[in-house]
Amino acid sequence: MYDRYIICEDGFRVRDDGRPGGRVEVRMPYYRGLALSMVEAVDLVLDGRPVPPERTTFTVHGNTYTFAELPAVTHDRWEMGERAELAFQTDEPLAPGEHEVTVSVRLRISYMPVPGGGRDSKRLVLAS
Amino acid sequence: MTPPAVPHTIRRAVSLYSYQHEYFLRTMTLEDCVAATAATGAPGIEIVPEQSIPGFPHLTGEFADTWSGWMDKYGLTPVATNAFLDTKLHPDRWLSHDEQVASVRRDIDVAVRLGAPIVKATINFPPEVMAAAAPYAEERGVRLLLEVHAPFHYGHPWILEHLEVMHRTGSPALGLMPDTGTFVRRFPRVVSDRALRDGARPDLVDYIVKTYDDHGDTHALMDIVNYRGGGPVEFGLARQATHYIWTEPKTMLPHMPLIGHIQAKFYEMTEDGVEYSIPYDEIVAVLVEGGFDGHLSSEYEGQRHIEDAFPVDSVEQVRRQQAMLARLLGETR
Numbered sequence: 001m002y003d004r005y006i007i008c009e010d011g012f013r014v015r016d017d018g019r020p021g022g023r024v025e026v027r028m029p030y031y032r033g034l035a036l037s038m039v040e041a042v043d044l045v046l047d048g049r050p051v052p053p054e055r056t057t058f059t060v061h062g063n064t065y066t067f068a069e070l071p072a073v074t075h076d077r078w079e080m081g082e083r084a085e086l087a088f089q090t091d092e093p094l095a096p097g098e099h100e101v102t103v104s105v106r107l108r109i110s111y112m113p114v115p116g117g118g119r120d121s122k123r124l125v126l127a128s
Numbered sequence: 001m002t003p004p005a006v007p008h009t010i011r012r013a014v015s016l017y018s019y020q021h022e023y024f025l026r027t028m029t030l031e032d033c034v035a036a037t038a039a040t041g042a043p044g045i046e047i048v049p050e051q052s053i054p055g056f057p058h059l060t061g062e063f064a065d066t067w068s069g070w071m072d073k074y075g076l077t078p079v080a081t082n083a084f085l086d087t088k089l090h091p092d093r094w095l096s097h098d099e100q101v102a103s104v105r106r107d108i109d110v111a112v113r114l115g116a117p118i119v120k121a122t123i124n125f126p127p128e129v130m131a132a133a134a135p136y137a138e139e140r141g142v143r144l145l146l147e148v149h150a151p152f153h154y155g156h157p158w159i160l161e162h163l164e165v166m167h168r169t170g171s172p173a174l175g176l177m178p179d180t181g182t183f184v185r186r187f188p189r190v191v192s193d194r195a196l197r198d199g200a201r202p203d204l205v206d207y208i209v210k211t212y213d214d215h216g217d218t219h220a221l222m223d224i225v226n227y228r229g230g231g232p233v234e235f236g237l238a239r240q241a242t243h244y245i246w247t248e249p250k251t252m253l254p255h256m257p258l259i260g261h262i263q264a265k266f267y268e269m270t271e272d273g274v275e276y277s278i279p280y281d282e283i284v285a286v287l288v289e290g291g292f293d294g295h296l297s298s299e300y301e302g303q304r305h306i307e308d309a310f311p312v313d314s315v316e317q318v319r320r321q322q323a324m325l326a327r328l329l330g331e332t333r
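Chains as they are written, first to last, in the UniProt record's numbering: chain A, 1 to 128; chain B, 1 to 333.
Chain B with its partners taken away, still in its complex shape (with noise of 0.2 angstroms):
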């Protein structure tokens, strides 16, 4: 791995979800969490306030300032937070537009509370709403950036609805966060070996793991599963074939003035330092092509996919990818 021959100004963050399963189980408080992230030598920070902060959507005076004590202590730079739309909040009926642009407003808030200055836009934001919250977005100094969450890329319909409003409006709040599970090469053996664990027919996950492997079309996996006798464990396998997706890295490149932030999802870290199915190297060249100017936030997954047998460590895991991360920026050899 070469490092970049161009300057850039590419910077490194970690996600807080990361740690998720230590802070889950109470083994790592959040403090924990956030001198975790700055042992990586990370200065960024991103955080799922409904995931860390209890009493959500109250922030207390007293929460504010342990955070902002925090960043100060560890030298850390919030950079952004998670939003969700709850439009199933209710069991009876959807929430309305009104009050989804409330709900996204009252998220933007949380964000200025906490200093940072991007929020995630989860992926089922309508594009309406996006619309509609941009320039309250724009007055809190806040940026709204829809997730591009595999399965979707940016040549499907629901991402091109959002691209239609990103550049109607011209809202400068407005912007895309790719997460790198749109960018699976391989198909992750975490989560194959899990299905193996589960009971799952070897020859039908070979089957699933060759067809994703091969970039094949993946679209009736389900079926064929089915028609070769699985079960719902290869059923549930080959719905995950379907919900990661390949795509070439340079299809970011036309959209690279909209992109404000990247989630780098991964799934496991090797003991050789890369990520088993996404390819890092290829990712960080395109970002630096396209003079990407924000941060490449590590967004831990991995844990879903061994916890029935193997013991967690997250800190292990963003340590190593940071540590590739700083390598293929040219922050270290």
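For reference, chain A alone in the conformation it holds in the complex (with noise of 0.2 angstroms):
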């Protein structure tokens, strides 16, 4: 559910602290919002190469996070269709123009044996 949801077409753009990369906002593909422990997994694959975790922050209502902190984040959550901002280190600097954006979310869910979650792949123009 909601996979095509999960990349938002528009707020793709640069870093804005200078260094090389980008910012894509993400939507969880579940119908309820869940604390950011349950969140196994937001990776991201960028023009076909993937971009490691440790390169990259997860921000939900202003609040930045490293993917190495989530698995201990139980007081603050992704709420339901709440745009969490995923911004990425590169080595040189993105192209302008359009990229292949691929974004796999995982989820805990503890009703369910298997993880929850989606995938989601756009074309996204980087904003100037």
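Since the hints were derived computationally from the structure, they do not count as laboratory data. It is possible that some hints are incorrect.
[What the hints assert, rightly or not] Just some of the chain A residues that point at chain B, by a computed CB distance under 10 angstroms:
#1 M1
#2 R15
#3 G18
#4 P20
#5 R32
#6 P71
#7 A72
#8 E82
#9 E85
#10 R108
#11 S110
#12 M112
Think of the CB as a built atom: it goes at the ideal place given N, C-alpha and C, for glycine as much as any other residue.
Using the hints, put the two chains back together into the complex; each one sits in its own frame.
Following this line, the structure appears as structure tokens:
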């Protein structure tokens, strides 16, 4: 469910700290919010190349976390339909224009024996 | 469809779960969802706090006031909330029994703040947690009702364990909340159509749907689909055929004293005003016969099966289901 809505079509832009890389806005493919400790992965593939989680950070309503921190975050949530910001670093600055962005979300949902989540892929134009 | 000949006290409600698609995309605000509920003529409203309340489990006074103001403004009564039990909250350990009970107590408090007298316990709530939470629910004046959700049914060992606890403790706070996804007589076509759009082999889709519609043995469907050369899409459909079930609505009758609320699940209300796969006329007749005194609450779940190809119109789907329920309950002709 909601797979096609994981990646937001707007909000794809360069980082705001001057480092090479970008930001993409993502939503959780689920019908309720979840504590961040149950967000097992938000994996990003940019133009066919996986971006390691160590090079990404995750921001919900102004609170930024590394993926190493998320498993312990039980006091903050990714709300239903909330646009989270996935910021990532790359070796070289992103080229202007279109990029292929793929995001896979893996969720630990207590009543399900297998992981929940979903996957979305879109061609996004880098906002200037 | 003939309206019931005997008097009854069954009322209608809408779960905000039904409008999740529009709320997710922010094309409807929470107040829009409340207003849409009122527009159906249903007097009751059900809310999924973890879906609709940012900042959950912290309910601000401001939210509680706004919610209660909407209830007055739109003439609605909160009838139920839905609670989840995140036993896998931590990646490295299961939530302890005491932590699970604390989570349920927290959700009982949330229901009280929202003015709802019933909390749905999602099907994964263990019986011993229900038993341990019951005294607190009694104290707070809230009923904790276990959802009987497909593929579970009234003779299933998991439900029997719960029934044993309910009868042994005799707690007035414990009971059942049937989900009408246990009364799926015919395979929802929105689900098989989606599989076809996702590239499933038509012959395997037909085989799965026919097995389901004949109420055949679905236990080994995934295996058979595998023997016939199916792949992940066909496996997914076969698994779904084991997760809807058809049981006779009358299987609710012996449990009627425990039944406090119904989740009126639906996948597709047709233009003719009927649910494609669930015989609501039979369900309502059984509820009337059993003297059910509670709410039939719309829970639309078709959106996830059509969102890939069609616009979702939850408001219209709920409107149609509510119109059908009003007719079946004898409120309208």
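To see whether the hints hold, each was checked on the structure:
no. : hint : in the structure
1   : M1   : holds (4 angstroms)
2   : R15  : violated (26 angstroms)
3   : G18  : violated (31 angstroms)
4   : P20  : violated (31 angstroms)
5   : R32  : holds (4 angstroms)
6   : P71  : holds (5 angstroms)
7   : A72  : holds (8 angstroms)
8   : E82  : holds (8 angstroms)
9   : E85  : violated (16 angstroms)
10  : R108 : holds (5 angstroms)
11  : S110 : holds (4 angstroms)
12  : M112 : holds (9 angstroms)
Of the hints listed earlier, those the structure fails to meet are numbers 2, 3, 4 and 9, in rising order.
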